[in-house]
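If you read the protein sequences in the order shown, they are chains R and S. Start counting the first sequence at 1; every next residue gets the next number (this note's numbering). Start counting the second sequence at 1; every next residue gets the next number (this note's numbering).
Because the hints were derived from the structure by calculation, they are not lab data.
Derived BS3-like pairs (lysine-lysine); straight-line CA-CA distance at most 30 Å:
(1) R:Lys36 <-> S:Lys84
(2) R:Lys657 <-> R:Lys345
(3) S:Lys153 <-> R:Lys14
(4) R:Lys347 <-> R:Lys399
(5) R:Lys61 <-> S:Lys2
(6) S:Lys148 <-> S:Lys128
(7) S:Lys4 <-> R:Lys36
(8) R:Lys36 <-> S:Lys12
(9) R:Lys275 <-> S:Lys2
(10) R:Lys488 <-> S:Lys84
(11) S:Lys84 <-> R:Lys14
(12) R:Lys563 <-> R:Lys604
(13) R:Lys560 <-> R:Lys488
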Amino acid sequence: MATITSKPETLVGKRIRRREDPRLITGTATYLDDLKLPGMHHACVVRSPHAAARIKNINVKPALELPGVVAVFTGADVKEVGPVPCAAGLPGLRVPHHHILAQDRVYLVGHPVAVVVATDRYIAADAADLVEVDYQELPAVADPEKALAPGAPAVHPQWPDNVAFTFHQEGGDTAKAFQDAEVVVKQRITSQRLIPTAMETRGVVADWKAGEKSMTLWSSTQVPHLLRTLLAGMLGMPENRLRVITPEVGGAFGSKLNVYAEEALMAFISMRIGKPVKWVESRRENFLCTIHGRGHVDYFELAAMRDGTILGMKLKLIQDLGAFLQLLTPAIPTLSVLMMPGLYKFKNISADIVGAFTNCTPTDAYRGAGRPEATHGIERMVDILAAELKMDPAQIRLKNFVDNDAFPFVTATGLAYDSGNYALPLNTALAEVDYASLRREQQQARQQGKLMGVGISAYGEICAIGPSPATPAGGWESATVKIEPSGKVTVLTGTSPHGQGEETTFAQITADELGVDIDDVLVIHGDTSIVQYGIGTFGSRNTAIGGTALYYALQELKTKIKKFGAVLLDVDEVTLVGGVCVDEKSGRSVSFNQVAAAAYRALKLPPNTEPGLVATHFWEPPNFTFPFGAHIVVTDVDRETGQVSVRRYVAVDDCGKIINPLIVAGQVHGGVAQGLGQALWEQAVYADNGQLLSGELTDYALPRAHMMPWIESSHTITPSPVNPLGVKGVGEAGTIGCSPAVVNSVVDALSPLGVRHIDMPLTPEKIWKLIQEGRA
Amino acid sequence: MKRKISLTLNGKAVADEVEPRLLLIHYLREVASLTGPHIGCETSTCGACTVLLDGRAVKSCAMFTVQADGRQVLTIEGLAPNGKLDPLQEAFWNEHGLQCGFCTPGMILTARQLLNDNPSPTEEEIRKGLEGNLCRCTGYQHIINAVKAAAAKQGA
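Isolated chain R (complex conformation):
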C-alpha cells in the first residue's frame, strides 16, 4: 500500500478547455433534428396568416389526398388535450384557455390551426399548403399602449380592456420621498420586443409505444423534468410513463424554458398514428411561435436631493404579454420590479405593472428576463438625474451605492443582497479606461464638432433562481454522484446545460473534491429516466444551485469513502487526500479504486453503512445570489450618417468565485453581444394589423462578427456567502450590464445637441434624425 501525502493540483479556478467540445467540433453531436427512428413520420403545422380571425371552415381533404400523407388533425381532434400551461400565479390573473390547436378563432399570426403528418418532410410541407382554411378577419392590436386605450380591439372578447393583470408593489414611504425631493426627473423608457433566436430552432420527436403504454419524447428544452410533469398533465398520462430526453441543445437563452403546444401535439400525434413523429421548427416559425423577450413601456420617476442623493423611485410598467400566457409570461415584469433599487441604497419604491394582451407572440424569459429592462431603466434614470444636476455620472453612482458594511442589505423590494463591493468594479473600470483623460479628450472632440460619448452602467442582478418560495415550480436543484465499482465517477445533474459548459465545471468540482483524475468523471444530464428529478437551466442557476447540490452529494460520499477506507486499513479513522485514504499514524493507504471495489464487493461493511457509493442531494438555496459589475462604453457617432461606433467596451463583472475563467469569459462576451444587439440593432417590428415585419433572419439584425467591438473583460471577486462554492452566476450579467452603458454613451455623445434620452435600438436613422433636429 502506497504512501501519498502530496496535495494534488486543484482544477477549480483553472482555464480548462471544455469536455463537451470534441463531439461539437467534429459534427458528431446529436441535436434534435439529427434523430432518426424507424418508421418516423414528419409533421408540418398549418398556421394562421392573420393576427385575429374567426375560423369559418377548414378543408383538409386536398391534403389527405396527397400520397404519403397519413393524417391531418385540427382543433376539433385535440379538444381532450389540456391547455398549454402558465405556471406563474398572480392575484386576479386572467389566463386565456390556450389550446394546442386553434378552436374557432385565431389570436396571432402563426397560431397553429392544423397539423399534417406525412412519411416525408417535403410531402408534409407540400400537404400543409393544401389545407384550406376559411378565415373571417377581425381587427387586431399589436401595441400594448394602444391595446390599453379605450375602444381598442379586444384580443380576447371576454376581456375587452385587454388587461391580464395589474400588480402593485410598494416599499418604504415613496410619497414622502417625492415630497422631500429637491428634484424629480421623469422619463418614458422602452425596452423593445426582442426575438431570442437560438441558432437551433425548437424541435420535438415523440415515440409512443402502445404495448408498453409509454412515451419517449425528445425536445430541445431547458427543463426536461418540468416539461415531463406538465406534459403528462396535458396528455392525461402517468408521469412515470413519459420519458423526456434533451439531446444536444443548440442554444436557448430562455426561449426553451417553456412548455409549447407542439410538444403536446407531437405526443398526441404519435399516440394516434402509432409511429414516431418529428417536428422541427422553421426559422419563420421560430420568430412567430417561440416566445419573444422584453416588450416594456416604462414610465420612470426618480426623486433626489440637489447633492445627488437618490430618495425614491416610481415606475409604471406596461408589459406587452402577447396573445397568450406561456409558462412564466406574467412573472417576468415582477422580476423587473424586484430589481428596481439596483445597486443603490434608497429605500423607497412604488411600482405598478399592467399586463396587456396584444395579438402578438407571447413574451417570456429571454436572457436576463425582466432584469435587463429594470437595469436599463434605472441606469438611464441615474444618468438623466446626473445630467439634470450637472453631476458626473460616475460620482453620482459612487455616492448612492449600498455601503460595503451594509451586507446583507435588505432592499425596498424585500430582497437581501448577499455580498458586494459596488464601488470596486466601477473604480476598476474607470481606471481601466482612464476616465479623466477620456473626459478631456471628449472636451477637445466637442470643440472640433465631433460626437464622442462615454457611458457607464453599474448593474446588479438577481441570480441563482431561486429559493423555492420565490419560484412557481421549486427553486432547488439536485445532484447524484455514483462512484462505480471500478472507481470511475458518474455525476447526474438535474440542471440541463446547453452551451454553458457544466460537463466541464462540474467535473472540475468533482475531481477536486474526490481527488480523482478529471478524465474519470462523466457528467450526465437531460434524461428523466436516468437523472433524478431536477429543475433545469435558467436564471444563472446551474453552478450556484446545481453545483452546490453536487458539492454536498460529494461531501456525503467522501464521508462514506473514508469509512470504507478505515475498514480496509483496519483503523478507526483515515483522511482522504488526492483520492487516497491514508492512515495518518502509520502512513499506510488504500487507493480510491480499492475503496470503490470494496464498497461494492461488501465483504466487510463499516458499522451502520450500506454497500455501494452513491449519494443524492437536493439543495434548497436560502437566498438568491446578487452579482454586480460596471460596464463602460466609449462611442463615436458619425454626424453625417448617424452610425454609432463602439470604440471601447470595458466590462468589469463580479460573479463571485470563478470555477473556469475560460467559460466565464465566454458567458460575458455572449451576454454583451445580446445586450449590444438590443442597444443598437435588434427589434421585433409589428405592423398595426399584427403582422410581424421582422419575421426572418433577413429582417432581424443579429450581431455578426464584423459588427462586434472587442470586449475588454475582467473581474473583481466577492464570494457569495449563500453557497459553499462562493459562486454567484454569470450567464446573464453581460446582457444586463450592457444596454444602458451603450445608450448612456450615445446620449452623452449627443448631449451637446440637447438630446436627453433615446429609445433602443439606436439605429442610424433614429440618430441621424436627432442630429438633424439638434442642428435646427
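We have chain R; now place chain S onto it with these hints.
The following block gives chain S in isolation, referenced to the frame of chain R:
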C-alpha cells in the same frame, strides 16, 4: 422524376438518385447521414449549413443537390478523416470558440476557407471573413482568438 448524381463526398465517390428539388443540406443530412452541417434558417443567412464545395465555403441550404453533381463536397465530418483534428478544430477547442456548438461546423469550414485564402489574417479580416456565419452564444471574440491561434499554428 429523380435525377442521377455522382459526387465526391468527404473524399469518397458516391452516386445517388435524388429529386431535383432536394436541397443539398437535406441530401447531406437525410440521405448521406452527415448531420454535422446544421439547418439554422433555410434562407442562407445563418451559415450553420456551410460546407466546402470544390474548396469554397457555400451554404448548402441555398443550393440543390443536383447542382453538386460532379463536384467535391467536404462537410465537417470530413475535416478530420483519420481522427487528427484540423488546426482550426483544435483551436476552437483550446480557445473556447463555441458554446452550444450549433453554428460551429459551419463556422469552422468558413474559417477553413478564410485561412486557405489568407494564412495570416488580421482581426478585421477574420471578422469580415466570418460575417456570413451567425453565432448567438460567443459574441465571436473567442472565435476570433481561435482563428488567430490556428493561423499561428499553421504558419509555425
